[in-house]
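If you read the protein sequences in the order shown, they are chains A, B and C. Position one of the first sequence corresponds to residue 1 (the working numbering), numbered consecutively onward. Position one of the second sequence corresponds to residue 1 (the working numbering), numbered consecutively onward. Position one of the third sequence corresponds to residue 1 (the working numbering), numbered consecutively onward.
Keep in mind that the hints were calculated from the coordinates and are not lab data. Some hints could be false.
[As the list claims (entries may be wrong)] So the derived list for chain C, only partly shown, Cβ under 8 Å to chain A, looks like this:
| no. | residue |
| --- | --- |
| 1 | Y53 |
| 2 | F54 |
| 3 | T67 |
Being a predicted model, the structure only gives us computed values, none of them experimental. By construction, the Cβ of each residue, glycine as well, lies at the ideal position given by its N, Cα and C atoms.
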Amino acid sequence: MALPAETMSARRSGNARPAWVESPSRVGRAAKALLLVLITLAVIYPIVGVVGTSLSDQATISVNGGLVLIPTHPQLDAYREIFAGGVVSRALLVSLGITLCGTAASVLVTVGMAYGLSRPEVTGSRVILMVALLTMLFNPGIIANFLTVKSLGLYNSFAALVLPSLVSAFNLVVLRSFFMGLPGELLDSARVDGAGDFRILVRVVLPLSKAAIAVITLFYAVSYWNAFFNALLYLQDSAKNPLPMVLRSFVIGGQSLHEAAAGEIPAPQQAVQMAVLVVALVPILCVYPFLQRYFTKGVLTGAVKG
Amino acid sequence: MSTSPVLSRRGLLRLGAAIGVAAAAGPALTACGSSTTQAKAHGLEVTLPTYQAISSTLKPDLPGTAAGVPQGFFTYPKQLFRAVQKPPLSGQTLSIAEMSFLPPPPAREKNAAWRAIEERLGGKIDWTVVAADDWPTKFSTMVAGDALPDMFVYQGGVDNLPAFAKAKCADLSPYLSGDKARDYPNLANIPDAIWKQCLIGGKLYGLPIPRSITGGDGFYRADLFARAGVTSLDQIADADAFFELMKEVTRPKDGVYGIMTGFTNIAVKMFGAPYYWQVDHATGKFTADVETEEYRAAIEYVARLNKAGVYYPGSAGMQKAKYINLFQAGKAAYVYDGLPGYLGPTGHLATMKKIDPTFDVRPFMAPGRTAVSWPDNVMFAMTLIKQAGEEKVKQALGVANWAASPFGSEEYTLIAYGVEGVDYQRDDKDNPVLNDTGTQDTAVPWKYIAAPPQALFDSGSAQGVRYVHEALSKQIGRVIEDPTVGLYSPTWESSNGTLLTLRTDTVNDILAGRKPMSAFDDMVKQYRSKGADKARSEFESAWAQSQKGSAK
Amino acid sequence: MADSAPALPRTERSSDRQGASALSRARPARLSLRQRLKRDRVMLLLTLPGLLYFLVFHYAPLFGYLTAFKDYEVYLGFAQSAWVGLANFQAMFSDPAFWSAVANTLQITLTQLVFYFPVPIALALLLNSLVGDRVRRFVQSVVYLPHFIGWTIIVSVFQQLLGGTGVLTHVLQSLGLPGYDMTTDPGAFPWLLTLESVWKDAGWGTIIFLAALLSIDPQLYESAAIDGAGRWRRTWHVTLPGITPIIILLLVLNLGSILSTGFEQVLLQRDAVGPDAGEVLDTYVYYHGIKSGQWGPAAAVGLVKMLIGTALVLGANKVAHFFGQDGVYRGAAR
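Please take these sequences and the hints and turn them into a complete structure.
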């Protein structure tokens with residue numbers, strides 16, 4: 001609880017509480033605590049189950065009906081199976097590269113566009129916004145998408161994992177809405193000081209929008225990290241596959257097979273299924289706290305006062 | 001007339017086979033329908049590859065039969081023979097797209113088996129391997145974008161297969177027809193009944209991945225049956241006796257139920273209903289399975305079973321992995337899964353032995369005098385070759401011939417077990433046993449390019465091999481005819497997916513007690529009007545033509 | 001990049017911070033198009049890459065909708081497949097199963113709109129009201145986790161809890177009551193889906209609202225407190241209005257997808273309740289088209305969905321303007 005006691009964001013740090021916040025009633029506090037405990041338990045129980053199952057052998061899993069909370073004989077076989085052969089490690093690198101480059105490119109383009117569209121009086125901005133917005137409702141089918149990507153010469157290239165999903169219209173409108181909510185006085189005073197539009201973006205808008213940008217960064221990063229569909233459609237060389245595509249093959253159930261041939265495939269081992277989830281989850285767990293900082297700290301306060 | 005079967009219960013492999021459409025140009029076959037959509041029947045246009053069994057010194061422990069019962073082996077052959085003398089490639093690269101059911105294998109540089117196989121092939125294979133569940137999506141885009149590789153597996157996904165094959169695939173008749181197949185002895189080792197499934201629009205396009213005629217009747221727990229006094233399936237006289245048995249083995253207190261799931265089709269077979277269609281040989285009239293009394297009676301029967309509480313609660317809505325796990329954990333006396341799921345290190349037999357040594361799981365055989373079997377797993381799928389020059393097609397056929405090397409050959413062993421010492425060791429009975437490296441290295445889908453006729457073998461259990469052999473012998477012995485093999489109905493091809501959904505949904509609703517039996521009769525009416533009647537007339541005229549053709 | 005300041009400073013922005021009506025804005029004097037382009041060039045240049053992206057990757061593929069009017073054969077391509085006019089639409093509209101799927105879809109999406117949509121907001125407010133930083137961070141980083149668990153596993157967990165041999169049934173039976181299998185009860189299907197969605201995504205959904213809550217000026221709380229407003233009144237008069245724009249935005253966007261449900265989530269559980277309750281538009285299209293290689297019906301449904309979605313978004317946006325909110329985009333009213 002040793003956070004610097006900034007004037008206003010102090011209410012978020014530790015026990016320091018702004019003078020105008022009254023201490024909560026005992027009943028209110030108890031109710032809130034109970035609610036939080038329930039929510040946390042409801043979330044944690046299956047997560048623990050996932051980790052526990054990933055560490056168990058099939059016999060234990062079967063006896064427990066599919067979800068093992070505490071493995072009786074913990075073992076790493078499932079993880080060993082996933083990482084053996086080096087395919088997953090290579091896919092991990094591909095995914096890291098795609099996620100880093102993709103997120104950087106997406107955030108850059110989205111910030112530019114959201115800012116460019118954040119002032120309704122800019123010529124054509126309303127039309128352009130409509131153009132972007134409508135795409136949320138489009139779904140012309142995978143074949144048309146595939147043909148477009150192929151005709152651009154992107155088939156079987158890493159760029160095909162990024163470019164077709166470069167900007168999310170959702171993230172765009174969300175960010176734009178945040179930009180529009182910024183206090184106009186700040187922008188105006190910057191303008192009076194002679195700052196141009198680009199300078200205002202870099203010097204005023206971006207520093208004030210850290211939380212919103214952290215949000216869309218997270219959204220983009222997670223979607224690149226989890227994306228398998230672009231890889232499925234646009235890659236030919238299986239060696240280029242990113243992590244989700246490779247992990248998928250550990251958990252397929254052979255649903256597409258007809259009944260008589262069904263026995264061809266053993267049902268995926270549950271331990272492996274769960275271990276796959278853990279493998280995909282760990283990097284997100286590692287990154288989240290860094291971004292979370294921006295959701296827990298008021299950024300606006302100081303700026304308005306200063 | 002042949003009794004060789006179509007492959008798939010769900011119609012995934014909608015084959016327009018021997019007697020196909022003549023003017024099968026795509027645009028003419030529109031959804032609006034017109035006279036051009038009539039299936040035009042032709043006699044067999046092509047001579048199948050001449051069957052030439054490979055003579056080897058292998059002595060099976062259990063004999064195979066001409067009808068398709070595979071040979072059974074209790075031990076793996078010690079002396080391997082070489083099935084392909086000359087490498088099919090000389091430095092070229094072939095591209096192959098394949099679905100896979102296994103995690104991706106280590107790359108070539110780290111995969112001794114892969115390298116050894118390419119050395120034997122004399123060239124390289126560029127794989128596009130896609131998880132089976134994603135295959136239909138990938139296949140559609142590859143076709144649409146003209147991005148098909150040199151060879152690819154076909155499991156459905158094209159609406160008008162004859163026209164597609166004609167436009168995009170290599171006609172293999174000039175290479176394999178009749179005695180020409182001698183150039184590819186391992187392909188010539190595959191029987192006619194299987195090759196017949198590889199005909200599209202009257203021509204030979206496909207390379208088969210053979211299976212053992214029928215997918216079987218699922219699995220049961222002999223120990224639970226025995227506890228209820230049934231020590232042999234022959235003691236179950238009829239459906240009623242089975243009903244009583246299921247009630248007997250169901251013990252909700254212990255969490256044990258009679259049936260896990262998947263019994264509907266078994267009941268339908270038990271009552272003797274046909275496989276999709278049956279034909280009256282005298283009149284040439286076709287009847288759909290759902291129109292028969294037997295089918296209706298079977299549905300009534302399973303609804304009664306469910307009402308009696310012998311089904312595992314909620315199992316109808318479960319994913320396969322979930323209910324298979326429950327079965328393996330001992331929660332039910334019966335489950336449906338295809339016969340190929342029984343043997344091998346990950347099969348039900350080995351897995352359940354590990355969970356509880358008292359679990360005695362065996363292949364089920366539908367009891368009763370009326371029981372029949374269906375020809376629902378004659379082959380797994382077929383591989384098509386993209387249109388190309390003669391040289392390229394011959395290379396592709398050479399690779400397929402290599403992949404079809406029979407059980408006990410060096411090539412088969414490389415595909416199934418990899419390199420000795422690296423991927424597998426011989427155990428005390430001289431049987432090959434995969435190690436961890438081998439399990440990964442052998443995940444390259446070589447065996448799905450083409451395959452030899454099946455052989456039964458399990459290094460872990462000779463008894464298991466006996467059980468499967470016994471089940472297949474019995475079931476292949478009573479397998480019924482699929483009259484649509486070799487007949488092509490455009491309507492059936494385009495509407496059977498919808499029709500199957502319709503009937504499955506209705507049957508499930510009745511089974512679960514959500515709808516009364518009258519819903520079944522309504523379904524049959526809809527089934528007919530939504531395509532079955534039209535398909536029937538197309539089949540009937542194709543049948544009539546084929547009878548004329550074969551009479552010549 | 002220094003911008004020669006335009007003649008008119010854009011002061012109108014300052015007056016409508018929380019989305020005041022467009023009418024109150026000062027109307028800039030007319031400039032010629034060239035002058036305006038010159039004034040806005042930086043803004044437009046920043047917009048350009050994104051605009052190009054949308055045109056190339058979303059507008060160029062629109063020819064895919066032609067499939068709706070064709071008997072589309074994959075290997076023949078769009079040009080050569082035969083036209084069938086409105087046959088794909090007619091086949092659909094005359095099929096009772098289609099309308100049943102529409103009804104189910106609406107029932108499910110509306111249930112989710114009413115009972116799922118507010119949950120992340122409430123959860124965000126709850127988290128925001130936490131004073132202890134450590135607790136807050138911990139809860140926050142736990143609740144978003146389920147978002148990453150695939151539907152297969154979630155469905156399986158729910159079967160274990162609410163299924164025929166599930167925890168709920170065991171509890172009921174031990175109390176001497178009959179068991180209850182929620183996973184196979186057609187009537188409970190929309191509720192089951194909503195419950196699952198809440199569990200999977202409510203935590204993840206809070207992120208956006210938490211960010212919005214941070215952008216509320218604390219001075220507003222302060223002055224409200226000085227005016228004597230208690231905890232609840234501050235929430236009502238400061239917090240909620242602060243995040244209203246983003247709530248409205250999400251609500252409008254949600255309306256646009258009112259005919260879409262989570263495909264995988266429903267597909268996995270459709271058979272458990274049967275098609276009368278479990279068939280939605282997306283699964284209907286899957287079973288009546290795509291699965292048997294017929295793309296026409298899928299494209300036809302897609303087209304209908306797009307038109308209805310567009311109409312709803314535009315309509316809802318108008319309504320939002322009427323109530324003085326920005327909606328998705330501001331300033332359409334002139």
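Cross-check of the supplied hints:
1. Because the beta carbon of Y53/C sits about 5 Å from the nearest beta carbon in chain A, less than 8 Å, this interface hint is met.
2. A cut of 8 Å between beta carbons decides the hint on F54/C: the least distance to chain A is about 5 Å, and the hint holds.
3. With 8 Å as the threshold, the beta carbon of T67/C comes within range of chain A, its nearest partner Cβ sitting at about 6 Å, so the hint holds.
Every hint, counting from the list given before, is met by this structure.
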